[in-house]
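6 protein chains.
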Amino acid sequence: MTTRDFEIPRSVLVGDTADNELVRAQTILRNEGVNPSVVMEFTAGAGGTFCGIEETRSLLSRILPETGREVWAMTEGSDIAVGEVALRIRAPYASFGLYETAICGTLASSTGWATAARECVDAAQGIPVISYGARHVHPAVVGVMDYSAVVGKCVANSSLIGSRLTGLTPSGTMPHALVLMIGDTVRTVLAFDRHMPPEVPRVALVDTFKDEAEDAMAVAKALRERLRGIRLDTPAERGGVTPALVHEVRARLDQAGYNHVDIYVSGGVDPSRIEQFVENEAPVSVFAVGYYISSAQPIAFTADIKEIEGRPIAKRGRIPGISNNPRLARIL
Amino acid sequence: MTTRDFEIPRSVLVGDTADNELVRAQTILRNEGVNPSVVMEFTAGAGGTFCGIEETRSLLSRILPETGREVWAMTEGSDIAVGEVALRIRAPYASFGLYETAICGTLASSTGWATAARECVDAAQGIPVISYGARHVHPAVVGVMDYSAVVGKCVANSSLIGSRLTGLTPSGTMPHALVLMIGDTVRTVLAFDRHMPPEVPRVALVDTFKDEAEDAMAVAKALRERLRGIRLDTPAERGGVTPALVHEVRARLDQAGYNHVDIYVSGGVDPSRIEQFVENEAPVSVFAVGYYISSAQPIAFTADIKEIEGRPIAKRGRIPGISNNPRLARIL
Amino acid sequence: MTTRDFEIPRSVLVGDTADNELVRAQTILRNEGVNPSVVMEFTAGAGGTFCGIEETRSLLSRILPETGREVWAMTEGSDIAVGEVALRIRAPYASFGLYETAICGTLASSTGWATAARECVDAAQGIPVISYGARHVHPAVVGVMDYSAVVGKCVANSSLIGSRLTGLTPSGTMPHALVLMIGDTVRTVLAFDRHMPPEVPRVALVDTFKDEAEDAMAVAKALRERLRGIRLDTPAERGGVTPALVHEVRARLDQAGYNHVDIYVSGGVDPSRIEQFVENEAPVSVFAVGYYISSAQPIAFTADIKEIEGRPIAKRGRIPGISNNPRLARIL
Amino acid sequence: MTTRDFEIPRSVLVGDTADNELVRAQTILRNEGVNPSVVMEFTAGAGGTFCGIEETRSLLSRILPETGREVWAMTEGSDIAVGEVALRIRAPYASFGLYETAICGTLASSTGWATAARECVDAAQGIPVISYGARHVHPAVVGVMDYSAVVGKCVANSSLIGSRLTGLTPSGTMPHALVLMIGDTVRTVLAFDRHMPPEVPRVALVDTFKDEAEDAMAVAKALRERLRGIRLDTPAERGGVTPALVHEVRARLDQAGYNHVDIYVSGGVDPSRIEQFVENEAPVSVFAVGYYISSAQPIAFTADIKEIEGRPIAKRGRIPGISNNPRLARIL
Amino acid sequence: MTTRDFEIPRSVLVGDTADNELVRAQTILRNEGVNPSVVMEFTAGAGGTFCGIEETRSLLSRILPETGREVWAMTEGSDIAVGEVALRIRAPYASFGLYETAICGTLASSTGWATAARECVDAAQGIPVISYGARHVHPAVVGVMDYSAVVGKCVANSSLIGSRLTGLTPSGTMPHALVLMIGDTVRTVLAFDRHMPPEVPRVALVDTFKDEAEDAMAVAKALRERLRGIRLDTPAERGGVTPALVHEVRARLDQAGYNHVDIYVSGGVDPSRIEQFVENEAPVSVFAVGYYISSAQPIAFTADIKEIEGRPIAKRGRIPGISNNPRLARIL
Amino acid sequence: MTTRDFEIPRSVLVGDTADNELVRAQTILRNEGVNPSVVMEFTAGAGGTFCGIEETRSLLSRILPETGREVWAMTEGSDIAVGEVALRIRAPYASFGLYETAICGTLASSTGWATAARECVDAAQGIPVISYGARHVHPAVVGVMDYSAVVGKCVANSSLIGSRLTGLTPSGTMPHALVLMIGDTVRTVLAFDRHMPPEVPRVALVDTFKDEAEDAMAVAKALRERLRGIRLDTPAERGGVTPALVHEVRARLDQAGYNHVDIYVSGGVDPSRIEQFVENEAPVSVFAVGYYISSAQPIAFTADIKEIEGRPIAKRGRIPGISNNPRLARIL
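Protein chains in written order, with our numbering: chain A, 7 to 338; chain B, 7 to 338; chain C, 7 to 338; chain D, 7 to 338; chain E, 7 to 338; chain F, 7 to 338.
Watch out, some of these pointers could steer you wrong.
The list treats identical chains as interchangeable, and a pair is accepted whether it falls inside one copy or across any two copies.
In silico lysine-lysine, DSSO-like type, Cα no more than 30 Å apart, as pairs [to be verified]:
#, residue 1, residue 2
1, Lys159, Lys321
2, Lys227, Lys216
3, Lys216, Lys159
4, Lys321, Lys227
5, Lys159, Lys227
6, Lys216, Lys321
It is worth saying that the hints were derived from the structure and are not from the lab. Note that the structure is a prediction, hence the values are computed from the model and not measured.
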């Protein structure tokens with residue numbers, strides 16, 4: 007994944023997404039003629055996989071003055087501990103005070119998604135994980151959600167906009183709607199094969215009408231060596247995908263000579279269910295994780311002024327002065 | 007709150023936020039010449055306060071053909087039960103299939119936020135609740151988050167962009183940064199009073215440097231009847247705001263004749279802590295809730311085709327045909 | 007169910023199944039010339055549905071002297087409480103002392119099975135329950151197990167020997183082995199229909215090769231009004247039978263006009279799972295319960311001498327003299 | 007313990023204990039002229055100590071044809087894991103299909119009892135354990151229950167019929183009834199000593215009328231070196247046998263010079279109570295276990311056809327073809 | 007119980023038991039010439055049965071000046087709630103400041119004991135409870151402990167010094183040591199009967215050497231109508247006293263015509279065990295409670311200055327000024 | 007700490023604190039002319055830090071005859087295990103039987119307090135702990151409570167009477183009452199400094215009126231190098247003392263050059279809260295523990311006669327004869 011400059015929406019740049027008390031503070035300080043150089047530090051409220059700093063850097067590079075600014079931060083994707091300072095800005099307060107809300111929010115959501123993705127990846131012990139949760143978040147953040155999942159070590163993601171941010175080929179198989187409209191799994195797979203370019207992997211969804219094992223055998227027989235994989239997505243109403251089902255489908259495919267066919271598992275997959283598959287040595291080729299990643303709770307970041315014109319200060323409850331964190335690197 | 011048409015971002019309209027498998031399905035169906043009229047139903051995966059349907063209506067009114075379409079839905083803000091159908095679309099599949107991801111995501115996030123807000127409001131038993139969580143979500147969704155909180159019965163919200171959607175005056179007091187830069191709570195309050203228009207309520211933050219009770223008395227003495235309220239935001243490092251603190255500050259203010267001064271409580275407020283304040287009869291005037299609302303998990307919605315050209319159908323695990331839900335009303 | 011005399015095996019009658027210390031006691035007492043008339047009471051160690059007294063009566067009628075004996079007992083199938091006396095024998099000790107082991111054992115096993123069956127029946131709230139657990143107990147007790155289940159209000163049982171004791175027609179559908187050997191569910195059902203007498207209900211097993219809903223529709227189409235029911239027995243490896251599956255199969259059958267086809271549910275059914283089906287209002291026609299009934303723990307009975315030649319006595323820890331229990335009726 | 011051929015009851019041999027659906031299957035297959043050579047595997051539903059295969063071998067040797075049959079199995083008494091195949095039969099289906107119920111039931115009950123016995127033996131860490139539970143199961147299975155307990159490493163058992171199967175001398179002391187009728191513990195012990203052959207160990211029951219320590223001293227004084235042991239069986243109403251009681255009785259016996267007298271402990275003994283005695287270093291000589299062994303839940307076995315005429319097959323949810331288990335040895 | 011003036015030890019009166027910081031405060035205030043009239047309130051840290059105020063009144067009546075003092079308090083033995091003010095003193099600080107430690111300590115210990123006693127009495131539902139815990143607290147507080155237990159509704163207590171404070175006849179039976187030295191329970195009871203005045207009730211301890219039921223019958227036979235009761239005190243090593251034991255002893259006594267003999271139960275008795283006896287309808291005549299009462303944790307009282315020279319004041323965290331509690335009555 | 011002879015109160019010496027049944031036993035034995043030499047052993051009912059034996063030795067040296075007595079005991083402050091004999095007395099019963107209550111009570115209370123103190127000391131891992139709980143126990147035992155805490159390794163205690171027993175300088179700072187009456191923390195500290203001798207350490211209480219960090223800086227600035235420490239005692243109503251508060255105050259003091267000022271922590275301190283401070287590496291200088299130590303439950307001791315005139319004996323449930331414990335040393 008190549009890091010690139012994020013586009014910052016106009017509403018953020020003009021301050022519309024800020025808490026209104028920050029707007030009022032700008033007015034008061036201007037009228038009072040107060041605009042000191044301050045140090046503000048952003049601290050993580052929980053441990054996880056740090057994410058959102060590239061987007062934040064794009065924002066800061068647009069708003070901070072070229073001189074008199076100094077920005078230090080941890081690296082995108084690094085591990086972060088509870089209470090650790092992840093970002094430090096030194097600049098005149100008036101140049102960035104309004105953006106405290108947006109910076110905290112960007113880091114909070116992105117770090118939340120990346121952390122959840124990383125938990126799945128760690129649980130999978132080497133089996134690849136795909137981010138598949140676009141349908142569970144507001145479309146305005148689908149792109150950064152998928153980007154964060156890839157920062158959390160997912161190998162691919164399902165949304166087009168996310169793929170544009172990560173530079174990866176979007177992943178996916180076929181919707182149940184397609185099979186329902188064409189009316190039969192085998193015919194759907196053959197249509198897919200006819201109309202998709204050769205570089206798109208043929209992965210068949212095998213639980214729309216029939217038993218998964220039966221359907222898997224049918225599509226393997228139809229596409230033979232052109233079939234890249236089958237995807238198990240048994241609904242909860244039918245007990246969901248179980249480790250035993252993966253074992254059985256694998257065994258039936260292998261007995262018929264289709265050893266090359268991968269098995270994708272989706273549907274309510276989360277770290278604890280991944281652990282069950284791993285413990286039962288179920289031969290899963292790829293996990294597709296949706297809700298667990300995209301529903302991840304944000305990891306709160308708190309912003310505190312620690313120095314004013316070089317003098318240590320802090321509100322009650324915080325320790326005055328700059329924190330010591332050798333993992334910060336200067337980014338602006 | 008007047009309902010208004012939401013602006014739908016261009017990336018959503020062109021399909022960039024869709025799962026790529028939906029894009030592929032469009033291609034295949036077009037090449038096969040398949041485009042039946044279908045009924046798709048959207049079902050809630052958990053109970054809560056339904057939200058996001060106004061934004062969805064805006065989207066659908068732009069993409070569905072004027073004739074041959076039929077959209078039924080539950081009302082914004084109504085209670086929804088697990089397994090209940092909340093939206094039903096009948097239209098040619100090609101006209102809306104691509105937007106399944108965006109529709110599910112809009113309903114999921116919005117319903118999640120509205121539900122969390124409503125839990126706080128219910129716990130508060132009549133004490134007003136303000137949405138204050140802009141800093142904990144990505145700025146791209148701050149507006150819809152605050153809008154959803156108001157659908158969940160919050161009386162106000164803190165972001166400018168949210169206020170534009172809800173038509174309410176944005177709420178807020180003053181940031182700790184302001185007090186730190188001016189250097190003293192009383193001087194800050196006096197500056198606030200000088201520079202803010204008279205209609206902005208004077209609410210002082212009283213925990214920046216000193217004990218809350220001491221500081222509350224000092225600002226009350228300085229602004230007297232012009233002081234609308236004080237806000238308690240004790241950090242966790244100092245034990246957070248407790249019911250006993252509210253009782254004590256109220257008693258000290260009343261003993262000095264400042265009965266008109268409201269007490270706002272913020273900082274880690276959630277339904278269980280609200281219940282503690284209510285059970286202890288703490289005289290709170292307003293609760294400001296941040297993380298609990300904005301970190302709310304989305305409530306998943308599943309989309310299923312239930313009819314194709316008037317014929318009941320469903321994938322395995324679902325019951326074919328249109329569900330019976332008399333609470334749906336036609337919206338398009 | 008008509009009560010009948012049980013055949014008592016020779017090994018029991020000759021005392022081979024007794025604890026050897028009872029044999030020794032017989033020898034010692036004979037040599038000492040001691041043979042008082044005693045009262046022995048049998049007390050339940052836990053509450054439940056009392057069973058086994060008919061078999062015990064058969065035994066006692068063969069061994070006790072015609073005169074000088076008196077036997078009181080609770081009725082087969084009545085509720086029994088912990089600590090309640092269920093059987094009282096007054097007779098010369100030498101005539102029955104040896105059979106203490108067999109009497110306790112008969113009551114313990116039978117009451118255990120009847121109690122477990124009754125828990126299922128109570129949970130099912132009117133939906134019939136069948137005893138299907140012959141394969142989980144030693145064949146030497148299959149008959150009394152099934153008999154006890156019927157005492158516990160099961161409407162039928164699966165073993166031939168059990169049916170002979172209860173006088174009911176044995177219940178059952180068809181084994182998976184039959185479908186595997188014939189090679190197809192529909193062909194199996196047609197063969198069943200050809201070779202079974204008309205009074206045997208046609209109940210098809212629909213999970214051998216295909217998805218249950220698909221197979222159910224196929225057999226309904228093949229046998230039409232001659233199909234009495236289908237049996238769902240989804241293995242745990244496929245998630246087991248769920249309430250949602252029953253709802254779906256019912257809906258699909260009804261939509262095709264097969265309202266007359268019953269749905270039998272089997273496979274790991276126990277009271278807590280029955281409650282789930284009932285709470286979800288799943289349209290189950292019959293529950294078939296196996297392991298839960300036949301694996302039921304025996305309910306221990308203790309035997310105590312309470313009178314010797316009309317004088318109250320008891321070992322340490324028991325209260326001397328006859329217990330008061332107006333629910334006992336004289337049976338011999 | 008020498009393995010011997012079990013007598014198979016006539017009701018089993020004629021198929022009366024079978025599920026009636028197996029009888030029907032026989033009829034249908036015969037009418038259809040279907041009788042393939044099949045492989046059926048029996049798999050354990052839980053881990054434990056495998057038992058019942060000797061009895062099963064007796065049955066199979068009587069029903070399978072001399073040629074064309076092949077039976078593989080694990081050894082009586084070996085450890086078995088959940089999901090492990092314990093028995094594999096290859097033969098024409100018509101020759102053994104009817105006996106699936108009896109084979110599963112024999113293995114289930116026997117393995118359940120053996121496993122429970124083994125848990126007690128393991129907990130006792132070298133202190134001998136006796137099977138004493140005949141009074142808690144139906145007399146028709148007392149023999150196989152005691153046999154299974156000995157397979158699970160009990161050193162003896164209490165029933166005559168069980169001793170005939172195991173070839174061990176039956177164990178036991180004296181019933182409370184005997185003491186009650188003779189009227190005094192010491193007189194009972196003297197009578198026992200008078201009338202029993204010298205090879206029967208003199209073990210006195212010491213809790214019928216008096217405190218156990220007092221009574222133990224009295225019988226030791228009466229029989230002196232002829233006393234082999236005393237048995238503590240304190241009823242639950244008196245707090246049951248405690249480790250402290252064993253320590254105290256041992257100390258009192260030793261202080262009076264009766265170091266040769268063993269202490270037997272009975273009454274509600276199970277693995278967790280055995281562990282308490284062992285942890286408290288209570289000087290128990292022998293544990294007598296009743297209810298825990300004879301009430302053990304059966305360990306379910308499932309029977310699956312895995313090959314028909316040499317072709318791998320299986321019902322949905324099972325893996326087709328013969329399982330790999332190098333621990334199976336050919337027994338027929 | 008008649009209330010009487012408690013003797014206050016000299017060490018308390020001279021201030022030796024005070025925290026030394028109070029001594030220092032006296033010195034500093036004297037040197038600074040500061041001695042205002044103050045109001046100090048004592049607040050309960052938990053709910054319970056208030057006790058110790060009579061002893062506190064004795065102390066205050068000795069140290070406070072006759073004029074200018076005012077003392078209000080709740081009544082000895084009344085229910086007190088957490089956070090309730092139980093004592094209010096208005097007087098010159100120098101006259102009583104030193105005694106804050108002693109007053110808090112007196113109320114804390116006494117209220118703790120009275121509360122524990124009351125829990126036992128409430129659990130016993132009308133069966134009398136005796137305080138028997140002198141051996142589990144330091145002898146210096148045995149008197150006030152027993153006094154507090156009687157305030158908590160015990161009907162009697164075991165120590166001489168406690169009886170002097172409560173004016174009740176001391177309770178008790180006989181120690182095990184006495185039986186051991188005389189060598190036999192019946193002989194001990196006869197000696198007791200010979201040497202004790204007729205008004206002392208004859209209650210025999212029946213578990214020293216023999217089984218309780220056997221011994222109880224023996225002493226009843228020896229003293230006949232002169233026997234008032236027997237006391238069951240089975241040690242934990244023998245399973246403790248159980249409800250079943252009480253039932254059995256009661257039944258054996260009644261069967262022999264000793265209906266007039268009471269049953270006292272002691273040994274590890276606490277509210278939860280009392281509830282077991284009550285639930286099992288065990289015919290207990292008297293409970294003797296030791297450790298549970300005398301080991302009761304003190305209920306902390308905090309002392310706060312609420313007024314100085316008529317002006318409301320309080321330290322941070324407390325509400326300034328006198329609390330409203332209409333249950334306080336003036337006692338000095 | 008030098009061991010010294012404890013003064014035994016007259017009420018104990020005359021037997022007033024004894025259970026009245028011991029008084030009766032004395033009368034009966036005297037009338038019967040029974041006064042054997044006996045061995046009585048005192049056994050701990052739970053593990054802990056043994057305490058109270060010095061006071062017991064003082065009592066025994068006053069009551070036992072010079073000849074014919076023998077007393078063995080464990081050392082004050084040693085670890086004791088559950089069931090371990092801690093004290094053995096051999097003497098004529100009449101010389102000490104009456105004092106069984108007082109000896110058990112002295113050991114029970116003292117061992118309870120010492121054990122609780124030791125748990126705090128162990129949790130603190132080298133940070134000193136002070137006993138501060140005089141206000142939570144009856145004044146009659148304040149001295150022995152503080153003495154026991156020092157046996158449990160506390161470095162000091164707060165009461166004058168306790169310090170007399172331990173020979174240590176009493177510890178303490180200043181009461182809130184003093185600050186309230188002088189009206190300001192800094193003025194209070196200056197008065198303290200004026201009137202206290204130079205050897206008394208200046209430790210300021212900094213939470214009476216203002217925020218702790220603010221007040222700590224003010225007193226440090228006022229007394230400078232003469233300030234020995236500040237004490238944090240934040241009330242629960244303000245969230246109590248937290249590890250974060252200690253870190254912050256330490257940082258603020260150090261940043262201003264007051265590295266020499268210690269931080270004392272008090273208020274609801276117990277082992278689990280101490281562990282939190284230690285785990286968070288909070289720079290606490292001293293812990294002051296009140297309620298946890300002084301509310302400690304007594305550790306019960308049981309007294310049993312084990313020999314009469316050299317002959318082993320014991321009541322039912324105990325093992326006759328002297329126990330083997332090589333850790334006992336002869337003390338009289």
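Quick rundown of the hints versus the structure:
In this assembly of identical chains, the alpha carbons of Lys159 and Lys321 never lie at most 30 Å apart, being 37 Å within a copy and 33 Å across copies at closest. In this homomeric assembly, Lys227 and Lys216 come within 30 Å of each other (Cα to Cα) both inside a single copy, at 16 Å, and across copies, at 17 Å. Taking identical chains as interchangeable, the C-alpha atoms of Lys216 and Lys159 are never at most 30 Å apart, the minima being 34 Å within one chain and 38 Å between chains. Only between protomers do Lys321 and Lys227 lie at most 30 Å apart by alpha-carbon distance; the minimum there is 20 Å, versus 70 Å within a single protomer.
Within a single copy, Lys159 and Lys227 get their C-alpha atoms no closer than 34 Å, and across copies no closer than 51 Å, so neither meets the 30 Å cut-off. Proximity of Lys216 and Lys321 under a CA criterion of 30 Å is satisfied inter-copy only: 9 Å between copies versus 64 Å inside one chain copy.
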